[in-house]
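Enquirer: So the chains spell out like this:
Number of protein chains: 2
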Amino acid sequence: MKIDLENVKPMDIEKRSFEIITEELGDTPLVPGTELIVKRCIHTSADFDYAKNLCFSENVVEKAMQAIKEGACIVTDTQMAKSGINKRVLSRYGGEVYCFMSDEDVAAIAKENGCTRATACMDKALTMDKKLIFAIGNAPTALVRLYELIQDGKLSPELIIGVPVGFVNVVQSKELIMQTNVPYIVAKGRKGGSNIAACICNALLYMMDNDRG
Amino acid sequence: MKIDLENVKPMDIEKRSFEIITEELGDTPLVPGTELIVKRCIHTSADFDYAKNLCFSENVVEKAMQAIKEGACIVTDTQMAKSGINKRVLSRYGGEVYCFMSDEDVAAIAKENGCTRATACMDKALTMDKKLIFAIGNAPTALVRLYELIQDGKLSPELIIGVPVGFVNVVQSKELIMQTNVPYIVAKGRKGGSNIAACICNALLYMMDNDRG
Chain A
397 MKIDLENVKP MDIEKRSFEI ITEELGDTPL VPGTELIVKR CIHTSADFDY
447 AKNLCFSENV VEKAMQAIKE GACIVTDTQM AKSGINKRVL SRYGGEVYCF
497 MSDEDVAAIA KENGCTRATA CMDKALTMDK KLIFAIGNAP TALVRLYELI
547 QDGKLSPELI IGVPVGFVNV VQSKELIMQT NVPYIVAKGR KGGSNIAACI
597 CNALLYMMDN DRG
Chain B
397 MKIDLENVKP MDIEKRSFEI ITEELGDTPL VPGTELIVKR CIHTSADFDY
447 AKNLCFSENV VEKAMQAIKE GACIVTDTQM AKSGINKRVL SRYGGEVYCF
497 MSDEDVAAIA KENGCTRATA CMDKALTMDK KLIFAIGNAP TALVRLYELI
547 QDGKLSPELI IGVPVGFVNV VQSKELIMQT NVPYIVAKGR KGGSNIAACI
597 CNALLYMMDN DRG
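Going line by line, the protein sequences match chains A and B. Under the working numbering, think of the first position of the first sequence as 397, with each following residue one higher. Under the working numbering, think of the first position of the second sequence as 397, with each following residue one higher.
Keep in mind the hints are simulated off the structure, nothing from the lab. Because the structure is a prediction, the values reported are computed rather than measured. Treat the hints with care, as some may be off.
The list treats identical chains as interchangeable, and a pair is accepted whether it falls inside one copy or across any two copies.
Straight line, CA to CA, 27 angstroms or less: simulated DSS-like cross-link-like pairs of lysine-lysine [claimed, not checked]:
id : residue 1 : residue 2
1  : 448       : 398
2  : 405       : 483
3  : 507       : 584
4  : 584       : 398
5  : 405       : 550
6  : 448       : 435
7  : 550       : 398
8  : 507       : 398
9  : 398       : 483
10 : 483       : 520
11 : 584       : 435
12 : 526       : 435
13 : 459       : 405
14 : 483       : 507
15 : 405       : 435
16 : 584       : 405
All chains should be modelled from the sequences, with the hints used to inform the complete structure.
Expert: Structure representation (structure tokens):
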């Protein structure tokens, strides 16, 4: 079988990909101002479900950008998401990315309390004296804990990117976050992942800054 | 709105997730011996398409396990995939994970040759004197280069996990790999990703070793 490769220069591959995505989306309705986030999620997953499942709280994009400009840090629930976020661009605004999942104190507290490490990570984040964005791509228990901390008035994040993936309490944990007054970007349903969490962070950063180097 | 959380202990979440996946797969036909790989990909993505798009060369699972037992190393095309692979379990067999994407020499060669960094990474892997498994979750150009190196008789990998995601030459690059005589696990079509690449590596490792700690 003869296989024909499309002749696209390395620097043009992403541009061409976004053209194809835009073309195939056709007139699918997207929330104005969120198009680049939705398209980047599709680019990351080749899954057009993200055109329908991504939910945005009011003016969340502006609020998120403002928080990043003010030096907000990102807390994630996986090393994979941390690895995927463009830390160089974030650092231009003074922000850093944190993941506490491999920390020994987190493992000890999780064991002691019979909770997940992701839950213990959220409690650890609470001790940080910084503006915080949470990018949760794996653990619904992290979202549940964030919800509790918000309801208790202990935490007031700048943004929650709520995109854990999976089958146990994933749908519910996202619904909880959408009931808070905290700005959110949530992938309704079961889908999401560390790649999607990182991708949404990067989409925001690239909307602010076209120079990614 | 009242939201009911399912009461599942942290240590039981994955088990419960796999039960739900098995239940929903019903009698979907899967290649015998590959079930745990397919289910883990669905677990990672909540996308049941992986029950249909994953393609396995003959006896690839046995061959992959044998290679890992013999100390094969894994080369990936993203730091995210590297970050997601269980390096502790792999190291029990003597293997390590490599990603050259951030290497300065790779960036320089890519610029000089007008190729992608992923292509240059595959050339760099060629200089390694080790049994190699390639886990490609992002760059179709990496798969195209692997195909060329295999056709030229310069490279003979133990396994290619060919799961780049995207819209430009992704479908074609996977078809090329499936035309070689190299053992492969490929997600036919556009879907895949660094998470899926890492997940397939981990599925193989966990099938060999139930103790992940």
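Enquirer: Each hint needs a verdict: does it hold in this structure or not?
Expert: Going through the hints against the structure:
1. 448 with 398: between (36 angstroms within a copy, 24 angstroms between copies)
2. 405 with 483: within (26 angstroms within a copy, 34 angstroms between copies)
3. 507 with 584: This pair counts as neither: shortest intra-copy Cα distance 30 angstroms, inter-copy 41 angstroms.
4. 584 with 398: Answer is between: at 17 angstroms across copies they meet the 27 angstroms cutoff, but 41 angstroms inside does not.
5. 405 with 550: Result: close only across copies, 25 angstroms inter versus 50 angstroms intra.
6. 448 with 435: For residue 448 and residue 435, both the intra-copy (11 angstroms) and inter-copy (24 angstroms) Cα distances are at most 27 angstroms.
7. 550 with 398: Only across copies: residue 550 and residue 398 sit 22 angstroms apart there, 61 angstroms inside one copy, limit 27 angstroms.
8. 507 with 398: neither (56 angstroms within a copy, 29 angstroms between copies)
9. 398 with 483: neither (41 angstroms within a copy, 38 angstroms between copies)
10. 483 with 520: For residue 483 and residue 520, the Cα distance is within 27 angstroms both inside one copy (21 angstroms) and across copies (25 angstroms).
11. 584 with 435: both (16 angstroms within a copy, 22 angstroms between copies)
12. 526 with 435: Neither: 30 angstroms inside a chain and 39 angstroms across chains, both beyond 27 angstroms.
13. 459 with 405: neither (36 angstroms within a copy, 36 angstroms between copies)
14. 483 with 507: For residue 483 and residue 507, the Cα distance is within 27 angstroms only across copies (23 angstroms; inside one copy 31 angstroms).
15. 405 with 435: within (21 angstroms within a copy, 36 angstroms between copies)
16. 584 with 405: For residue 584 and residue 405, the Cα distance is within 27 angstroms only across copies (23 angstroms; inside one copy 36 angstroms).
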